[in-house]
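Sequences listed follow chains A and B, in order. Residue numbers for the first sequence follow this note's numbering, beginning at 386 and rising by one. Residue numbers for the second sequence follow this note's numbering, beginning at -5 and rising by one.
If you are wondering where the hints come from, they were derived from the structure by calculation, not from laboratory data. Some hints here could point you the wrong way.
Stated by the list, open to error - Listed below are the simulated BS3-like cross-link pairs for lysine-lysine, each with C-alpha atoms no more than 27 Å apart in a straight line:
1. A:780 to B:83
2. A:880 to A:977
3. A:734 to B:92
4. A:780 to B:133
5. A:734 to A:600
6. A:957 to A:665
7. A:957 to A:974
8. B:133 to A:670
9. A:665 to B:92
Note that this is a predicted model, so its numbers are computed, not measured.
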Amino acid sequence: MPDFGSFCLLLGLILTVYTFVVGSLALWGGSAAGLRMTHRPAALWNRLGETARRAGIASFIAVACAAFALVWAAFTNDFSVEYIREHSNIALNPAYKFATLWSGQEGSLLLWALLLSGYGLVLRVRHRVDVRLTAFASTILAAIQIFFLLLLCVGAPPFSIHPGAVPADGAGLNPLLQYPEMVMHPPLLYLGYVGFSVPFAFALGALMMRYPGEKWIHITRRWTMVTWLFLTVGIFMGAHWAYSVLGWGGYWGWDPVENASLMPWLTGTAFLHSVMMQEKRGMMKNWNVWLIFSTFMLTILGTLLTRSGVVSSVHAFAQSDIGIWFYTFITIVFAVCLFTFFLQRDHLKSENKLESLVSRESSFLFNNLILLAACFTVLWGTLFPVLSEYVQGSKVTMGAPFYNRVNIPIGLFLLFLTGIGPLLAWRSTSLRSIRRNFVLPSIAIVATAIGLMISGVRPWNDGDDMHATFFSLMAFSLAAGVITAITEEFLRGAKVVRTQTGKNLLASAILLTRRNTRRYGGYLIHFGVVVIFIGIAGGAFNQTREQEMSYGDQMTIGPYRMVCESITQDSKGEYDTDYAVLDVYRGNKFVKQLFPELRHYFPGTDHEQQQTMVALHSTAQADLYVIFEATNPDTGRPIIKAHLNPLIAWIWIGVMIVVAGTFVALVPNLTRTVARQRQEDLAGAGTPVLGTAAVLAKAPHA
Amino acid sequence: MRRHIASPIFWAKRSPVFWAKFVQCALLGVIVVAMLGAGQSRYDRLGNELMCSCGCGQILLECNHFGCPGSPVMIRELQAQLASGASDKAILGWFATKYGPIILAAPIRGGFDDAAWIVPFTVFVLATAGTFGIVWLWKRRAGGLAMAGAGVVQESSPQDAAMRERIRRETEY
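Put together the whole structure using the sequences plus the hints.
Put into structure tokens, the structure is as follows:
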């Protein structure tokens, strides 16, 4: 199987090189034939281009076979493959054996190549959307794919054979990664990272061919949104994994690997907003092109930073020698982008100019400014230790205090813009409109702030944590304003629809959303973001307790009282475990039994590893987060640490709302013609099923 | 008459009382910001400015490893330093000297470390000023173009008006 895998990778590389070289030749020949610079007919170049497209499709099959070979080797415990020996063992659960594919450096690069060729497959199969633009994008994607396949064939081969005798068992998968979310988190994150290659390829292709109009944005809109969604879910799934598994009570540590995923998310979010200005008003073309270029380059830069060992990270594969590959690649990408931009920059002239500071356009501009400021801060914080070592000769730490101090004000400003941006009209907003739209949100902000202060959220009294309380107060107040603004928008639109159709308010709101899914899906996403902010702001009121506990001992934290019922030890084959049984009471009412656990993997071996299994009681109000830290060797009693994390569940709820909003925004609009026809059919025929079927049959996109 | 908030006339016609209140609000904001962090206890504040020395990458007071070789020692050292009456700067400097600058959770030694804090804010301020500058420039140009095209607008046909109305509708969102 390793030979088959290596062969498939090599075959994939050859096919991708063919796609790139012949695809480029066909594009050049097609242009030359159009300009009558060559005597060969355009049809010949088109046929050649078609062979390149098919080779691109075949490259997906080759790379998929290589990935299959690696997974097969994991399932068959083929420890002759060095990668499998390092990341799997016989006793490993089958689900985690599948996850071996992305558990290490080489496998994750193979996953990257697989996803890239998968995206390429979809793009090439759907080439009729715009044959020539897709041919450009396909060729650019092939160029990116060459880099990854070359890296896999030469720099980081996943099918390297273990020198010497074949070991009887492997080293196994890191216990921290043996968690259901870890099976999902890396592929989702990679789908996000790799997915940005597609809008990048379309943008670069459109620029190279001087594509007229903004159709490329329409083509890539769904690609970009789906990619953004994958990255969002991937990031938050990683945060949830850190929260549920690592046992330190938090979910985001500002580690360089986490930062690497956040940076393209920030620029990608900025792109999703500013691209609307190009679509609607033909503005900010230069800016958008560079935003998507930057987003793609940040995905590569993040990988470079975290895999080359340039910056220290608690994550895996931080130290390796593949950095030079990424340096070279990113330099080439930057040079190509810069060259193409300067060559074609006259094609990117804005069709309109900004007319007012108080307009939707300027809110997008400031939204971009804030997102890029946040991105720059994260990049700066990630790179500063390296810079410091170069300048001062000593590394420094850029921990949470730095990022929190710099990014929290930026985040609050972003929250503010999330609320006011959609309330402003395109081109310019009148004073009357501002009064009409902003009165209620402003009242909500002030009322929430006053209400919170009355109920005890008073920064000036919180000596120990004044910063955090102040920013939380700001966040809650702004969140109330934004939610009011969004609700007001929904209600205003729904009332108009109710007047038109006579439906009730809820049905009108649903119809309103279906008529403009992008707008109201966007509002839902904003609402989700606000909910996430509320969850984050709750962190200001976290509490922590730690104590030794034995039978009958009690610990109180916030409204909860925990009583230790027993301390038990057990052996479960792959690991030994110590766990406590804690009865949780709220007042005198029994709530739940929790089992915080400390596992000892590979007990008695050189590589014994301890892992805490968090016991969690999650409610909308607060999470009770309990960990079995260790056993005190002097007393033999367990050390139990409890965190009370208010509102944290709202972070995960907010993400679900963001996902739902993105799905809504991805659904095509219910057009007026279809809606009207449907109403007429329903009213006239009296047979809704047949009426709907007739409408669907007539609908252009049915 | 409709007055536009972005119009200079709108701002020029504000009364002195308005400006007095505006300045008061701004001063209040500055005072609130200046007060931030004033009351935090020294132990908590300094404990959150230091990293654990065991290599776990966690803040000293958040390190969750029982039997950690670093944090209990460091906490005792921090308490001893606080008891000695040394200033915050001196205590952090003492830790940085003993464990190296990497022990500080954020670069606060002055000199080049200040760049870590100054650069993001400078970039942000410059970018904001730049954005305002661009908007102002665009507005001026748009105004100029509107003036230059004023005659043409008067001669516009009903088709042009219909097209403008269509554009207005289509760009409503």
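Going back to the hint list, which numbers does this structure go against? 2, 3, 4, 6, 7 and 9
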